[in-house]
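Novice: Modelling step: build the complete structure from the supplied sequences, incorporating the hints.
Those protein sequences? They're chains X and V, same order as listed.
Each residue of the first sequence is one higher than the one before, starting from 1 at the first, in this note's numbering.
Each residue of the second sequence is one higher than the one before, starting from 1 at the first, in this note's numbering.
For the record, the hints were derived by calculation from the structure and aren't laboratory data.
Don't take each hint at face value.
A few chain V residues facing chain X, derived, Cβ under 8 Å [said to hold, decoys possible]:
hint	residue
1	Thr-5
2	Asp-14
3	Trp-16
4	Phe-19
5	Thr-21
6	Leu-26
7	Ser-29
8	Leu-127
9	Gln-135
10	Ala-144
11	Ala-145
12	Gly-149
Partial selection, computed: residues in chain X whose CB lies under 7 Å from chain V [as the list claims (entries may be wrong)]:
hint	residue
13	Thr-5
14	Arg-6
15	Val-15
16	Met-22
17	Val-120
18	Arg-124
19	Leu-127
20	Phe-128
21	Gln-135
22	Val-136
23	Val-138
24	Gly-140
25	Leu-150
Keeping only pairs whose Cα atoms sit at most 25 Å apart, straight-line, the calculated SDA-like set for lysine to any residue is [as the list claims (entries may be wrong)]:
hint	chain 1	residue 1	chain 2	residue 2
26	X	Lys-39	X	Glu-89
27	X	Lys-39	V	Thr-5
28	X	Lys-39	V	Arg-6
29	V	Lys-39	X	Glu-3
30	V	Lys-39	V	Ala-107
31	X	Lys-39	V	Glu-3
32	V	Lys-39	X	Glu-4
33	V	Lys-39	X	Gly-149
34	V	Lys-39	X	Arg-6
Glycine is no exception: its CB is placed at the ideal position from the N, C-alpha and C atoms.
There are 2 protein chains.
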Amino acid sequence: MAEETRWLSGAEQDVWRTFITMTSALTDSLDRQLQRDAKMPYTYYEILVVLSEAPRRELRMSELAGLRGSSRSRLSHAVSRLEEAGWVERRECPTDKRGQLAALTDAGFAALAAAAPGHVTAVRESLFDRLTAEQVRVLGEISAAVLGGLDPDMLLPGNHPRDCGGGHVADSPHTAEVGQPEVGADT
Amino acid sequence: MAEETRWLSGAEQDVWRTFITMTSALTDSLDRQLQRDAKMPYTYYEILVVLSEAPRRELRMSELAGLRGSSRSRLSHAVSRLEEAGWVERRECPTDKRGQLAALTDAGFAALAAAAPGHVTAVRESLFDRLTAEQVRVLGEISAAVLGGLDPDMLLPGNHPRDCGGGHVADSPHTAEVGQPEVGADT
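Specialist: Here is the structure:
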């Protein structure tokens with residue numbers, strides 16, 4: 001090694017081990033709930049949520065990959081499965097021949113609306129009910145700090161350039177929320 | 001719905017979205033580093049680390065699944081790939097006919113030792129270098145609180161019953177550390 005490795009201290013190792021085990025167990029737990037109650041894996045749910053919040057309920061595939069922090073190939077596979085289920089449609093991007101859009105169908109929106117209450121309850125019971133208000137606040141700070149240091153392609157909605165379908169953000173306010181689609185208030 | 005859904009508040013949604021995107025992007029980033037520099041996915045690295053820390057460098061498959069918060073079927077698939085690489089061997093558990101052990105080979109230990117400096121550097125740069133000491137402390141608290149509320153099968157090392165190979169813990173102190181194998185001090 002040209003440079004000396006900065007090994008983790010004992011306290012850092014404990015935090016890292018607990019953190020990485022928690023995230024894995026939490027994701028698995030949320031996935032099991034959705035598979036059991038809504039017959040869809042968590043990764044599909046996340047795609048449906050992001051599309052439900054987008055203007056006209058559609059996004060470029062490249063935007064979708066960035067938003068979910070997932071690779072193009074994995075996303076493409078998931079979207080193919082969602083197309084087979086009739087929940088998503090792929091379309092050409094009208095203003096950019098290189099781009100391809102993924103659009104939520106009405107059936108996809110209905111599937112999301114049916115799945116949301118159970119998922120949000122699981123998120124609340126698994127995470128928010130276990131933490132103090134101060135811990136929740138610090139978790140937000142930590143998450144933003146770490147995310148800010150990672151690949152700039154991994155951006156949150158609102159920070160992401162929209163080079164297809166641009167200009168729709170102002171016309172279609174984002175009222176929907178992660179983990180709960182716009183229908184949330186009606187159910 | 002029999003019970004009214006406790007939807008997330010706007011602030012909670014922001015925290016949840018940032019947290020879940022961060023964990024996904026962080027895991028992807030660590031996976032890319034390991035794939036690029038050590039030709040192994042992050043899931044394989046984690047299995048090798050856990051085995052490297054176990055007494056006699058072996059664990060029951062059921063223990064390994066619990067420690068990593070992963071399903072049996074996914075673990076079984078990963079261990080099969082690790083066997084093909086010559087890094088792990090599966091053996092029958094001598095004290096329990098129902099159990100099967102996964103054991104780290106010398107080649108597996110060498111592969112882990114070669115991969116560890118790059119991975120630990122990535123963890124430090126992606127997470128610890130981005131956070132204050134106080135944020136690291138709270139992250140540990142948060143992770144333990146959430147993990148404690150999840151499936152009791154998801155346990156950290158030391159909390160897990162050892163019904164095969166029991167009694168070795170006292171003989172073989174755990175000096176190794178997550179993310180860095182015992183060889184760490186020598187490299």
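Novice: Are the hints correct? Go through all of them and say.
Specialist: Now for the hints, and whether the structure bears them out:
no., hint, result
1, Thr-5, "4 Å, holds"
2, Asp-14, "6 Å, holds"
3, Trp-16, "6 Å, holds"
4, Phe-19, "4 Å, holds"
5, Thr-21, "5 Å, holds"
6, Leu-26, "6 Å, holds"
7, Ser-29, "5 Å, holds"
8, Leu-127, "6 Å, holds"
9, Gln-135, "5 Å, holds"
10, Ala-144, "5 Å, holds"
11, Ala-145, "5 Å, holds"
12, Gly-149, "5 Å, holds"
13, Thr-5, "4 Å, holds"
14, Arg-6, "5 Å, holds"
15, Val-15, "4 Å, holds"
16, Met-22, "4 Å, holds"
17, Val-120, "6 Å, holds"
18, Arg-124, "5 Å, holds"
19, Leu-127, "6 Å, holds"
20, Phe-128, "6 Å, holds"
21, Gln-135, "5 Å, holds"
22, Val-136, "6 Å, holds"
23, Val-138, "5 Å, holds"
24, Gly-140, "4 Å, holds"
25, Leu-150, "5 Å, holds"
26, X:Lys-39 to X:Glu-89, "19 Å, holds"
27, X:Lys-39 to V:Thr-5, "20 Å, holds"
28, X:Lys-39 to V:Arg-6, "22 Å, holds"
29, V:Lys-39 to X:Glu-3, "21 Å, holds"
30, V:Lys-39 to V:Ala-107, "14 Å, holds"
31, X:Lys-39 to V:Glu-3, "21 Å, holds"
32, V:Lys-39 to X:Glu-4, "22 Å, holds"
33, V:Lys-39 to X:Gly-149, "24 Å, holds"
34, V:Lys-39 to X:Arg-6, "22 Å, holds"
Of the hints listed earlier, there is not a single one the structure fails to meet.
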